[in-house]
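Here is what each chain is made of, one letter per residue.
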Amino acid sequence: MVKLQWLIPLLPVLSALLVHLLAGRLGKRVAQLSVGMGVVTFLVALWQIVVYIASDQGPSWMGIGASWGSVYLDPLSAIMALVVAGFSLIVHIYSVRYMAEEPGYARFFMLLDLMTAAILLFVTAGDLITLLIAWHLVSVMMYFLLGQNTESRPGERYAFWTFLTYRIGDLPMVLAAVVLFQAYGALDFPTLFDRLMADPEAEVFGMPAAITAAGLIAISAFAKSAQFPLHTWLPYTMDGPTPVSALMHAGIVNAGGIIINRFAPAFVNADGVLHLLFVVGLLTAVIGSVLMLTQNDIKKSLGYSTMGQMGFMIMECGVGAFSLAVFHLIAHGMFKATMFLSSGDLIGDARRHDDVPQNPLYTFLVDRKTGKATRLPWMAIGLVTLIVPLAILLLAHWAVSPDFFQKQGAIVLLFFGWITGVQVLFATHRLDATNPVRMMLMILLSFALIVIGYSIIGHTFETFLYPDAAFREALYHAAGLDAVTFDGLVILLGLIVLVGWIGSYLASREESLFGNRFTELRLTLYSLISRELYIADLYTRLSQSLLEGSKRINVWMRWR
Amino acid sequence: MNTLLLLLAGFFLPLFPLSMVFNWVLARFTHPVIRILVILVWPQIGVLLLLAAGAPLTGSAFLWWGLLTAAFYAWRLLTVRELGQWSAMLATSAFALTWVMAADSGRAIDLHAFVLGFAVAPALLVAVTALLESRLGAAYAGLVTGMARDMPRLAGLIAVSLLAAMALPISPGFFAMVGLLLHSELAPVVMALLTWLLWSWAGTRLLRNTVFGPRSGKNVADLQPLHAWGFAVVIVAAVLMNLIWTGA
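For the record, the sequence lines run as chains A and B.
Per our numbering, the first sequence starts with residue 1, numbered consecutively.
Per our numbering, the second sequence starts with residue 561, numbered consecutively.
Excised from the complex, chain B in its bound form (with noise of 0.2 Å):
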């Protein structure tokens, strides 16, 4: 194993302090192509360092020190309000569970399939990002409650991309967190878990000040239908990729 390409997936399969990077660099760039982009190549950079540095990783420190990040970042989004700011602490919790799948695998396509998995979510939520700052100036939870009465499609499209950021089914994250979790050891399963907990509590934190609550903010339009459309298409094509890829 070399060391020094290890620290350096550290970067990209953010492992903390390290981490802080990827965060900056989301946070650097508004554009939403932009960050989409960011979200699905960086871990991918981060594997094929892994790769090269010769996973699988067994009995390294590196999976503790993933986990302890994951845990962490997933403990800090309980806190978080700004949706694109979330999004981009979930991905670093979720990136960070690679260097659990790489302690068992060395295989690059599961590495790579796995976090694809897990870029999906905060890629949508980064759309959605989007979506509100264009019409409310900032996508920030209470800023606006009570989506679900007046704008039902952009309701409904932040509740499904909260329910894939917790990793719930049939989203893509539910299936690469039971790959990971029914391949592991027992004291990295307890971990995980309880980062899955974490993410659970922090999106219905979200849900409750966005699409739940008393109708309160500016009335802005709802999400045009070829629009909800486009982002069900999307969804979709997601889910049944994963399902397929895995097994069903």
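Chain A extracted, bound-state conformation (with noise of 0.2 Å):
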């Protein structure tokens, strides 16, 4: 079973080899070479899960070298394996059309072939050599399909920061891998995992192996995944064709919840790291979706709600729930993947049919024009918003897992799904409809079936990619804070999120919490947001005081 792991990163390269081959030849139909291609890819993956879920042998590993090169067969690679298939194949299905006009067509095959053979490779490896092959590959696909234009200078200079950002990621993994040689000695994943597992305080450089080789793998999650202060790359690289944007925003920019997974024998040896995964996510989380509402060039505000989905998924890991991440990564994909794939159908449309939509659905979400004071009974309004999301998400997780609640992670992402369920209804109670309660009805039912339907699939998937209890236990074991710090923090977040209510309530009145005290300092915080923290300004200035040097350098030494 095992052995077919290989033809899955393999035959997208064959692909793009015949694809370079014949293109003279066969001209635009190398694109439906690539397409077939992709189609066998899929049904490998396919065949590979199902047969995997219907033998029941658990992992299982094959290498082909003496010392690197080998593919692992295990829950995590066969879904993900899956996924990248699947949505590389939309995109090659997408592209035959789409990029028809465009030069380098067969490039752009071959290209996309490629890319889709690093992040097989990177999900199926089985060692850290061949691993760290297919990270870096992931970063040169990337660079060259964003320049797919070799013309336009904005493409291929975002495409340069992606790069260059990517790199700054490449170097901590490669970090992290060395840490786990020297400290356990072996370099394919089955045994290097059982050693973690059972000499988890081992040392290397003065150092604990497992917390420096998972904090040095986050980083180079952030720098893939886009997590603040290593995300000014994300919202600029809408300059490369749109099947690209969809595979980058789909798939590529998940590869850091997808490491964190795959190093999860490290994690749950390292809590202090898995905070940390929380505290970045959650400010990447808040800072994409700050900068994402400010964003008035449209693109740029997707490439900032990617970027806060991607923080998101980061702070799932860091609460212990990493099949969560790896669920969240997957339906986020297809939603991103849908939205960009279909913007030419929607740009031609509104051509078409300029008129938009006279309902109140639209008036209310694009035009921002409320209706009337809502014309329900304004307590039983209130309860109905706090009191209902929160009744339907306990008894949903309640259901599928009644000892959901010892765990503090758990506690927070049923906290953060309170937050967002009461936060809908919050923001469509003024929703203007000829019958509000059945709207409300509506809105609930919409809600409850969301969170149920989450509930049973995530929990199925979570014993699906880690059926040992005792491991997940542990993961939110390692991911908890003492009683008191916890409290606190739920505390704390619960008074913002409140201070935040009432703020927005009186904004929406035209009033504010604290006069016209602080609107300088309002003023301050709005033009630093639009200016996107100036954190790509402060790389700019830093790149550039280190090419001056090295121009003044070589100068004076006679460039010998």
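Bear in mind the hints are in silico, worked out from the structure with no lab data behind them.
The structure presented is a predicted model; accordingly, all values stated were derived computationally and were not measured.
Positions of the beta carbon are idealized from the N, C-alpha and C atoms, including for glycine.
Among the clues, some could well be false.
Said to hold, decoys possible - Residues of chain A clear of chain B, computed beta-carbon distances all greater than 12 Å:
id	residue
1	Phe193
2	Val384
3	Met442
4	Glu473
5	Asp487
As the list claims (entries may be wrong) - Listed below are several chain A residues computed to face chain B (Cβ distance under 7 Å; list not exhaustive):
id	residue
6	Gly65
7	Ser67
8	Arg167
9	Phe205
10	Leu547
11	Ser550
12	Lys551
13	Trp559
14	Arg560
Two chains, two separate frames, one set of hints: put the complex together.
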């Protein structure tokens, strides 16, 4: 069974080779060849996961080299290979027509195949060296795909930004591999993880190996998944072709979550690093969302939206919900790929029918015009808004896992779920509707369906990805805090949210909590955010200083 | 350890400022075959001297001298635009890392393979330099931009050569670098990683001003298909031999 796992990354490589060699003879028909190979790759990935589940044999590993070159078949590699092959196939099919008028048609499909191969090798790698090769190749392929239009200066500039940030992220990954290899003397994952779990306290370079490796992998994940402050490349990568944006926002940017899951045996022994993941993820989610709201460029806004989602994904890892992060990245990938790939149709529709729909939902969401004050009793709305989402969340999770509430991570996730639910109801209570009770019930029903679906699928997914209940428990336990700190943080977060709600309510009535006292501060904050916190400017200044120094020293030394 | 021999090796496994001799030699000879031979043979002489001096050089100051030279030349690479000079400085930076390797390993075969792994990319770049000079009169980044449009084979060769120069997978330089890092101490590893990052930065700066960008400069003939195949065979052979050597 594991032998077939080799085919998954090799088929796209073969496809790229054939596309390159036959481009002259087949012309634009090479795209069909590429799509055909994509279908075969997807079917092999599908076969692998079906056989894996049916056989119930557990993970298996296969190497071809004396020291490196191996693949691993476990739940994570099986599910991610299927997802990546699926997304890639959709992007391939979409590109056949979308890229038809663009120069470098055959080159595009070759690069797309090579990128698919790199990601598939990354998710199926069975040892540190193979993983490093794939991890680096993702950066390289990303650079060339974003620079597909070789004559576009902005496209190339932002491809360069992305490449350099990815390289900054690649290097901690290499260092993590060095730490793990020197501490445990193994390159292949099964041996490495066994030794890691047997001796999590092992030291290397005078530092705890598991914690150091986990910290370095986290930094690497931050760069690949656009976490603050390594996020600046993501909103600017829209100059690449739309299929590349779709592949990147749906797949490549998720690499951070996948790598954290791959090295879960290191993270389970690194509680401090899990807390770091939570803080960085939370910060990224907040900053990404705030920056998204202040953009006037819809593409950059989408980029920051992805950044916010990636923040949530990393945060989920930080609370020990590793499988939920994988579930989230798949769901987000589907959502974002749909958005990007349907953008062309939407633009076409808008050109054909430039009239806007005159319905309450459109005027509420797009025109931001609220209806008259709600006709439901104020107190009833307040109670429904606060209590019903909480009840739905608690009941749904209790039904799938009664001991769920013992975990702090679960409480945090429920808290966020609750806030989201309340936010939805709070935001829509002023929506003009002929029957407000019916509208509220429909919203609650939708919310309940989403929560129940998410809970059942999420729980099933968790037991598939991490079948060992003790390991799942250990992940949540490692992510936990002492009771006093945890309760304090929950209260603090609750207060921040409450103040935010009050502020938002008063703002909607054109009032303020503090009058005009903080107007100047608010304007400063707004200009800071609208300039994206000057982080890209800071990097530019730093790189210019390094280049200036290099030039001076070269002139002084007469270029010898 | 024989310090005199080590200092002598410093000319061949370039240590700054002795490294200026290596760069001067490469600039002095313009014929590509001679330059390639210098790049392939020069560091091997250094390895022989190192071995004669008594490698491994555990705890030697030469390790840090080598590391600082590597990082220094990588930093200088950022603003070099002449491809021949760029390949010479890259070779200087890469060969200087041999001192880190020698701190851990005294095995002759490891050290010879290490410098050979790092010599492939600069040698390839010398060949690319010769191709550009024969067509354009000079191999200078920015002289002709946007080559990917009209000269796809030449642009492809430049791109592959520069990726190899950045020691990216699956070039021999990548395996040489990873092999070095897996057996080194923390501080040298961090320094070598910074050097590696600077190579990537410098390499992409060259790509930006040759392969990418709006088409500018004079129109010249692309690489002949036969020559392109010749280069492809050499590159694939180097990669395959290295993969077998590293245990894939």
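Next item on the list: Could you tell me which of the numbered hints above are not met by this structure, giving the numbers in increasing order?
Entry: No numbers; nothing is violated.
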